[in-house]
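Chains as they are written, first to last, in my numbering: chain A, 1 to 114; chain B, 1001 to 1110.
Simulated from the structure, these hints should not be mistaken for lab results. The hints are all genuine.
One-sided and incomplete, this derived list gives chain A residues near chain B with beta-carbon spacing under 10 Å: (1) Glu56; (2) Leu103; (3) Phe105.
Pairs of lysine-lysine, DSSO-like flavour, derived with a Cα cap of 27 Å: (4) Lys71/A - Lys11/A; (5) Lys57/A - Lys102/A; (6) Lys11/A - Lys1097/B; (7) Lys57/A - Lys71/A; (8) Lys57/A - Lys14/A; (9) Lys1054/B - Lys1097/B; (10) Lys71/A - Lys102/A; (11) Lys11/A - Lys57/A; (12) Lys1097/B - Lys57/A; (13) Lys102/A - Lys1097/B; (14) Lys71/A - Lys1097/B; (15) Lys102/A - Lys1054/B.
All values derive from a computational prediction rather than experimental measurement. Even glycine gets a Cβ: it sits at the ideal position worked out from N, Cα and C.
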Amino acid sequence: DTGVSQDPRHKITKRGQNVTFRCDPISEHNRLYWYRQTLGQGPEFLTYFQNEAQLEKSRLLSDRFSAERPKGSFSTLEIQRTEQGDSAMYLCASSLSGPVEKLFFGSGTQLSVL
Amino acid sequence: GIQVEQSPPDLILQEGANSTLRCNFSDSVNNLQWFHQNPWGQLINLFYIPSGTKQNGRLSATTVATERYSLLYISSSQTTDSGVYFCAVELDTNAGKSTFGDGTTLTVKP
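Hey, can you work out the whole structure from these sequences and the hints?
Have a look at this one:
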């Protein structure tokens, strides 16, 4: 069990550029989540997958955001035409669906849009 | 949507002191978890506790689901306990998402 891995750890980009983040969940976990966290706030849910199916998206997830989990393993989160308001920590979590479903988080990707 | 309120927002302790953190939620929940976010941003799952009491070393948690609150107890605090403590609730076990409070920032001084 190597834990949830996220890459990159930090990303600095200019407004208008596209960025893509990767998340590798714990290998046996079938559920994968993306959250966003800004300074002084708790994480906010963005979207989640069960296997390769994207089952729910938050209203926070504008049309510029897209997430994929093509083979039910790793996931990518892409932000197109970044805006300064997109600056945040993007957190990935995974879990194994069942009667006791604990979330395990990665270390996050800190995005700064200049 | 469900509201999650944590108190106090900030807490400063001397090493060795005990503390109680509280999480109130506005609706019945099927899942409640406590997390510790360390100064490097890593969120560590402390407890999965939709009801009842659990203990893990110096930490324990109690959730009274009928009264819609949960408590996290930290005894004999250490400087490594510093960070932000979040509770997160889920309304439906199949909903796939958790709602987090804004956390309690704990600072333990040596």
